[in-house]
Structures are given as C-alpha cells and as structure tokens.
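Novice: Chain residues, written in single-letter form:
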Amino acid sequence: MLTCKQASYLASKKLNKKLTLKEQLDFFLHTMICRLCREYARDILVLHNIAQKAGRAGKEILSGSAKLSEQSRKSIKQTLDKAMQSK
Amino acid sequence: MTHKLSNPEQWLALYGDILYRFGLARVRKSEVAEDLVQETFLAALKAKDKYTGQSTEQTWLIGILKHKVIDYFRKASRDNVQEFDENIIAEKDDFFNQQGHWHVNLSSWSKPEEAMEQDQFLVILQQCISHLPPRMAQLFMLSEFDNMTSEEVCELMSISTMNNFWVMQSRVRVQLRHCLDINWKN
Chain A
79 MLTCKQASYL ASKKLNKKLT LKEQLDFFLH TMICRLCREY ARDILVLHNI AQKAGRAGKE
139 ILSGSAKLSE QSRKSIKQTL DKAMQSK
Chain B
55 MTHKLSNPEQ WLALYGDILY RFGLARVRKS EVAEDLVQET FLAALKAKDK YTGQSTEQTW
115 LIGILKHKVI DYFRKASRDN VQEFDENIIA EKDDFFNQQG HWHVNLSSWS KPEEAMEQDQ
175 FLVILQQCIS HLPPRMAQLF MLSEFDNMTS EEVCELMSIS TMNNFWVMQS RVRVQLRHCL
235 DINWKN
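Residue numbers (this note's numbering), protein chains in the order written: chain A, 79 to 165; chain B, 55 to 240.
Hints in this document: simulated from the structure, not taken from any laboratory. Backbone N, C-alpha and C fix where the C-beta goes; we use that ideal spot for every residue, glycine too. Among the clues, some could well be false.
Quick list of the computed label-pair ranges, beta carbon to beta carbon [unchecked claim]: (1) A:K155 with B:H155: 23 to 29 Å; (2) B:T215 with A:D159: 46 to 52 Å; (3) B:P188 with A:M162: 55 to 61 Å; (4) B:H155 with A:N127: 26 to 32 Å; (5) A:R134 with B:N218: 23 to 29 Å; (6) B:M216 with A:Q163: 46 to 52 Å; (7) A:V124 with B:G107: 31 to 37 Å; (8) A:S164 with B:E168: 48 to 54 Å; (9) B:Q181 with A:Q156: 33 to 39 Å; (10) B:N218 with A:V124: 23 to 29 Å; (11) B:D103 with A:K100: 53 to 59 Å.
Stretch-level coverage of chain B by chain A, calculated; a stretch enters the list once three of its residues show a Cβ under 8 Å from a Cβ in chain A [as the list claims (entries may be wrong)]: (12) 56-62; (13) 158-167; (14) 225-234.
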C-alpha cells in the first residue's frame with residue numbers, strides 16, 4: 079500500500095502524464111481508503127485547470143504589481159527610438 | 055474581428071509593465087526581465103508588417119516574449135549559468151511525517167466558480183507562487199501557465215531526470231495547495 083506521500087506524487091504526475099497500469103492501480107487503491115488524498119487530488123486538479131485556463135487567456139499577468147523601473151524604462155525608450163529612426 | 059497595431063511609440067507605455075511582469079514571473083531576475091522586454095519590442099518592430107490582426111496586440115507581443123523567454127533558458131542552460139538545485143529533493147519535507155502520512159491539516163478550500171472569483175483566486179495564487187523558492191516557481195509557471203510539456207520544462211531548466219521533475223512538480227503542488235488552504239477563503 080502506498081503512503082500518502084507516494085500517493086501525492088502520483089496525484090501530481092497524473093495531471094501531466096498518463097500513469098502506468100501499476101501506478102493507476104496503486105493510486106486507486108490508496109484513494110479508496112484515504113479521504114485526505116482524495117481531497118488533495120481534487121484540489122490540485124482544480125489548481126491545474128485554473129492555471130491552464132488563465133495561462134491561455136493571458137490572465138495571470140493581470141495580477142501583480144511589479145513595474146519596470148524608471149531607469150530601464152528610459153533606456154528601453156532610447157533603444158526603441160533609435161531602432162525606429164533607423165527604419 | 056481583426057485587430058490593428060498601435061503606434062510603436064506607445065508600446066512601452068501600454069505594454070511595458072505587463073510584459074515585464076510576464077517575463078519576471080518566469081525568469082525571476084529583474085535585469086533579465088527588463089532586457090527581454092526590450093528585445094521583445096525590437097523584435098516586434100521588425101515583425102510588425104507580418105502582424106495579421108488575428109490576435110490582440112497584447113497577445114501578439116506576449117507571444118514574441120514567450121519565445122524570448124525560451125531562448126533565454128536555452129542559452130542559460132548552454133552557458134551552464136543555470137544550475138537547478140536538485141538538492142531540494144533531498145531536503146526535509148514538512149508536509150509529511152516519517153511514515154509518509156500527511157503532516158499538515160488539510161482543510162478544503164472551495165472551488166472558485168465565477169469568473170470574478172477566479173480572478174481573485176489568481177491573485178492569491180500569484181502571491182503563493184512568489185513565496186516559493188525561485189526554481190520551483192519557475193517550474194510551475196512554465197509547466198502550468200505556459201502549458202509546456204514536462205520534457206520541454208526539463209530541458210529548459212536543465213533538470214537531470216524526469217523523476218526529479220515529477221518530484222519537484224509534486225512538491226510545488228503540495229506547497230501551493232497548503233498556501234491556498236491558508237489564504238483562499240471565500
């Protein structure tokens with residue numbers, strides 16, 4: 079029988095790759111009797127789906143507050159201006 | 055619907071910060087992220103005649119930036135600058151006890167259903183990601199948000215074996231899930 083630690087590893091791997099038959103069986107047997115791991119597997123599936131959806135929609139960048147520093151903004155502007163003139 | 059490009063002179067004001075955030079979340083170094091923003095604009099300037107208007111200007115620019123991020127990882131792993139600290143795998147794990155049972159309280163958070171809820175959820179998720187060790191955060195960004203295959207992420211981040219990748223990926227998820235348990239209340 080798997081430990082919860084091993085089961086959490088399979089729950090995670092399962093989201094990105096098809097498990098081998100043995101892995102599937104081990105995981106199935108463990109989650110039959112382990113509520114914590116069932117909940118864990120369900121939660122990381124939600125996390126996986128939301129992250130992928132947000133990635134496709136370009137949404138994850140809406141949050142966060144990092145900004146270009148004034149200095150780098152200036153230097154990018156100069157480089158861009160130069161590139162535009164030489165066109 | 056076709057989209058039009060705005061004047062390149064406005065790009066920096068309109069998209070500078072957005073591109074910077076996108077890059078920073080992946081490369082995790084501000085000076086590298088700044089360079090990537092500049093390179094993206096320069097590449098966009100060269101390619102602007104090829105813009106077909108099928109995606110928005112922002113999506114188009116991010117598409118270019120994604121390639122720049124990948125180039126950066128490729129180059130870094132070639133130059134061997136980038137060493138994935140795989141010792142992290144051997145580190146003590148606070149989430150399981152010695153018998154491999156859950157060591158943390160698992161309270162279950164509810165699934166954000168509405169679009170607005172999901173946006174709030176993403177804000178919390180982003181904060182949780184920013185508390186991860188940089189390499190772990192990188193791994194999660196590339197494989198989950200950018201939808202790269204595990205093999206691609208392994209190659210880009212110079213992770214030596216697939217098993218190490220799965221172990222790290224699993225650890226990231228345990229940590230993020232725990233962070234969400236604590237911080238996501240709705």
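Novice: So which of the earlier hints does this model not fit?
Specialist: Hints 1, 3, 12 not satisfied by this model.
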